[in-house]
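Residue numbers (this note's numbering), protein chains in the order written: chain A, 98 to 550; chain B, 98 to 550.
Hints were generated in silico from the structure; no laboratory data involved.
Each computed SDA-like pair below joins lysine to any residue, with the alpha-carbon atoms no more than 25 Å apart: (1) B:Lys123 with A:Arg253; (2) B:Lys274 with A:Glu343; (3) A:Lys123 with B:Arg253; (4) B:Lys105 with A:Gly424; (5) A:Lys108 with A:Gln224; (6) B:Lys105 with A:Gly226; (7) B:Lys213 with B:Glu256; (8) A:Lys127 with B:Thr319.
Protein chains: 2
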Amino acid sequence: MIQKQAQKQVKVGLLGLGTVGGGVYKTLLKNRDTILTRTGCTVEVVNVLVRDRGKERGFAIDPSVLTLEPQELLSDEQIDIYIEVIGGLHPAKEIIEQALNSKRHVITANKELMAKHGAELLRLAHQNGVHLLFEASVAGGIPVIHMLQGYLTANRVHEISGILNGTSNYILTEMSKTGRSFPEVLSEAQSLGYAEADPTSDVEGFDAAYKLAILTNLAYDTCVDVAQIDRQGISEISGHDLKLAEQLGYTVKLIGHAHEQDGALRLSVRPSLLAGSHPLARVDDVFNAVTLRADVVGDLTLIGRGAGEFPTASAVIEDLTTLLTQGENIRRPNWDRVQTAASHAEPKVGNFYLSCTGCPTQTDSIGQAIQAGITTLGGILADYQSIETTERLHQAWLLGGVTEEQVNALIENVAQIAPEPPITLLLRVEGEISTGVKWETEASGLEKNPRYA
Amino acid sequence: MIQKQAQKQVKVGLLGLGTVGGGVYKTLLKNRDTILTRTGCTVEVVNVLVRDRGKERGFAIDPSVLTLEPQELLSDEQIDIYIEVIGGLHPAKEIIEQALNSKRHVITANKELMAKHGAELLRLAHQNGVHLLFEASVAGGIPVIHMLQGYLTANRVHEISGILNGTSNYILTEMSKTGRSFPEVLSEAQSLGYAEADPTSDVEGFDAAYKLAILTNLAYDTCVDVAQIDRQGISEISGHDLKLAEQLGYTVKLIGHAHEQDGALRLSVRPSLLAGSHPLARVDDVFNAVTLRADVVGDLTLIGRGAGEFPTASAVIEDLTTLLTQGENIRRPNWDRVQTAASHAEPKVGNFYLSCTGCPTQTDSIGQAIQAGITTLGGILADYQSIETTERLHQAWLLGGVTEEQVNALIENVAQIAPEPPITLLLRVEGEISTGVKWETEASGLEKNPRYA
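Input sequences plus hints: build the corresponding full structure.
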């Protein structure tokens, strides 16, 4: 092989050799020539932090590069770049701080750390004249951080919508396809390794909220408080809700959403109804996707694998090649402008899906009470669907132009008149509801079901 | 506004002030502060080539910057960067050559020029130590060129699929939604300004072939001959074909496709059947989309507006800010490796959609002949659908594991036995046909229609 230019030797310290770390190690070896041709650098992993030296890894690695002691890596003077794929807040934060303070670049896949302490770590990198890159922290192999940090320069992004958690997307897709319940599919996902033993972070929206915070910070040059994000998980969604949503013409996805309204940022992670034409409606299984709405280019949607050994390794290694080729020209994010807590909540007026499950005779009267309540609120009843089984009646209303508080008050009223409170669920609808008619004037939604004609 | 660094003055010469040129001019003014903050440069358009000085443009522009003479712009020593949005081969090529030879950077939106003469123009830019950037030449605002040239460094791309022409996608979408014919929808698209007076380049796949050639050259560091791309337009597709495809579970899209097989590149632009789960199946109207399949990251799909004033202007201006921020670090494409002509054709063995329209009694026997022919070939008959009207019978077969030549020979045989040759159409099916059964052993596809049970 003829070298066009003098090879530069780059030495990497790898913190963690789990799924992602293994993928990084294998890919750096396999695509060594491609990286050399395109960057002029040979990249060598010289030191790897592991928990267990003797673990069977399914690939060959020189045992002399493995170490159990973080300090051994951190004091290794030959290392140019650290790659952190341990995860969690501690000791990852302290390790990264020490690496940055020793004036070495750091690449991390750690979403929780970047969402909670990104601003201070980026400041530390800047003070030390090195870079902290984190493409792998959001949406695996999808280069959405690069889009926001490295590409969209003349564009101002004013809205972000994304499917940011592969586990919950897999569960919703499976529930929708097979009609099975949330606990059933979760349990299967756990046995397949798609969900962790403690699935809280994935299914309750914490993981998606970390990622949404990172994207929002980049798009708006700010720092949002993750704890203030309006967050709702998927654990209360039943198979009947997915069926009812489908009958109404929608898909249910766990959507992270950020936009600016009246000068305030509004962020939420909530299961939402998407119309079939929505660019994220057909993103199924473990796939992730992000739509960026920018002032010049309009909507840009990126779809890809949001997790897994190689997609995440790809993001880590593309950060590495960016460091090797762009170096000092990499734009430094500035997350120092703190957002006030109040602005993190979604605006409450909007379109909603309300469902109610109970025994037919009871929910029938409850249903009438709900519809009467909507009339009183002056909201729009856009559509109605129901599924009746021998013992249960599942009903769903598509409501427009109401506040979430109004609908919640209505649910409480209904619960008080019912001898046995029915199971209710309230979800947001993304975008406009196209078939909306004023409930007061025309009840076209109801005509579909003679029950309330 | 506090300036963090000394402002650099950048002077731009704009060649063309049509739709895209106007969008570039307006956006450079409107997003001036954003660009300054992020690049440290103030960008000023100092000279604009127009055909008519007095034309009403719907926005304010100092008439003293307008000029009718290319040479006046080209000899303007103060210009740092030229933006070419005239289109067509000549005089765009000569103007760009002169600009590069005078050691000024050039940004172009010219797909035909880049597809046909990109290799020599890129060489010229390299020789002069300047850059020739062309993000706007493919898929409007979608940064797919940036993905290939600027981002995917550690990845090797081994397959490209894309909806690269907005006009034909709009026509197919409208035909599919409304059931109207190709000439009807084309005529409407022309009156709406979505299609040109001479629509050949859009509807016969030339435009998509230019774009596919550019993407392929970037992904494979090569230079393909556009004339050798296997190309089929959409003008022969009827509303009945879209309906039959839908009944079979597919959407029809004009797909540009490139992949490497046995060391040879295979390129095609053809209307193709996509299963509903295909990432490009739901990309409708004037939207464009590209799926890149790479060795580490897997499939990455980008969706956005493929044309129009601002999406295309966005691509031009992001090239400009890339020049301002990355400068010498921009990776230079190398298109000097010429591809041999033979390798541009798609492999002929695959899955196909064959339809046949004629009077019911006649096509009935023709249909039986076609199915008998498939049996003889040893192919797979995966599915069959038909639409019968009073005077016509429209039939469609989904065939697997046959060569295009075999199916074409079969069509010719049938034409010879028919007193009045029926209208036939042969389209490719993208990906696997999932429900395929061996026609010889099980005719499950046929059970759906008692005609051939």
